[in-house]
Amino acid sequence: MENGNRQMGSPHIRGKMSTARIMQCVLLALLPAAIFGIVNFGTRALLHMIACMVTCVLTEFSYEAFADQRLTAGDCSALVTGLLLALSLPVGAPLWLGPVGSIFAILIVKMLFGGIGRNILNPALTAWCFLRIFFDGPMTDYACDAYTGATPLTGLLAGEAQDPFSMLLGTTGGSIGETSAIAILAGGLLLLGLGIISLRIPVACFGTFTLVLVFFGGQGFDEVYLVTQLCGGGMMLAVWFMATDYVTSPMTGKGQVLYGIVIGLAAGAVRILAREGIPEGIAYAILLGNLLVPLIDKFTVPRAFAVKPRKVK
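Every letter in the sequence shown is one number past the one before it in this note's numbering, and letter 94, counting from 1, is 386.
Hints were generated in silico from the structure; no laboratory data involved. Hints are supplied without guarantee of correctness; some may be wrong.
Said to hold, decoys possible - Now the in silico label distances, taken between C-beta atoms and shown as ranges:
hint, residue 1, residue 2, range
1, Leu484, Gly406, 28 to 38 Å
2, Phe353, Gly512, 14 to 24 Å
3, Gly487, Ala435, 38 to 48 Å
4, Leu491, Leu320, 13 to 23 Å
5, Leu320, Arg410, 30 to 40 Å
6, Asp589, Phe457, 38 to 48 Å
7, Phe507, Val331, 30 to 40 Å
8, Gly545, Gln316, 23 to 33 Å
9, Ser458, Val593, 41 to 51 Å
10, Gln361, Asp455, 49 to 59 Å
11, Gly334, Lys546, 37 to 47 Å
Claimed, not checked - SDA-like cross-link-like pairs, simulated, lysine to any residue; straight-line CA separation at most 25 Å:
hint, residue 1, residue 2
12, Lys546, Phe591
13, Lys546, Tyr439
14, Lys590, Tyr576
Given the structure is predicted, the values throughout are model-derived calculations rather than measurements. Backbone N, C-alpha and C define an ideal beta-carbon position, used for all residues, glycine too.
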């Protein structure tokens, strides 16, 4: 949830809330996960958040000032991108890593595609994948003063028993803002209550993902296994705050359900087939969904009244 309403060619569907207001609500919804991340990992987590958010805003402002474009840094969308990226980082990562990803997110993924409302991929998620590919070492090192060893999901995929309650509370190792399922869920429910998002994408995604694991995961309906899978690998944060991004998700209700199903299928397949190789498969699943959004919109957006479909010769 990063870029507010679509700003593509007409016609537009206009809402009562401005982009800045929507982004402020998203920032508020991210506060529980951010605060818990600071409590869980210490002040270094806060430094990552500040570094990413400041870099995102400065990058957007600098690009628009240099290109003599209307300044949009005040709409808070860059702050949301920076905070989401910071929450996806290991706390032990070097402090320069977040700003590198922030520049990539804003400059390459967002501004070069035309700015807010025109990017086809989620900026924070794409930047995370960029860092994961080119800086694999620091991006997969979750050891810190509070926790050592593998993350719960990595341990589960390696056949180790896990405590699902620690993952619900967040008292585990992992990325800064992804450990506490309860904190993320609180933010998601706030977005629902404010009318920023609907349940279509989260329900379709979580439901499909669960069914894939039940039928093909080899564990059947094992509650501990399913809870660990749902709460691990950044699944909660990615689905509630990235898959629901206005710009990179479908416009219609049917399209959003189909989009959620695609993400759930892809995420489940990656978790089952890749095993411990790519536990964070939800990131790649959402990016796949982003790429399919134009096609989903094409087949789910109703035709204008009295417009006949063109015959194919």
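Exercise. Could you check the structure against the hints above and give me the numbers of any it violates, in ascending order?
Key: 2, 5, 13
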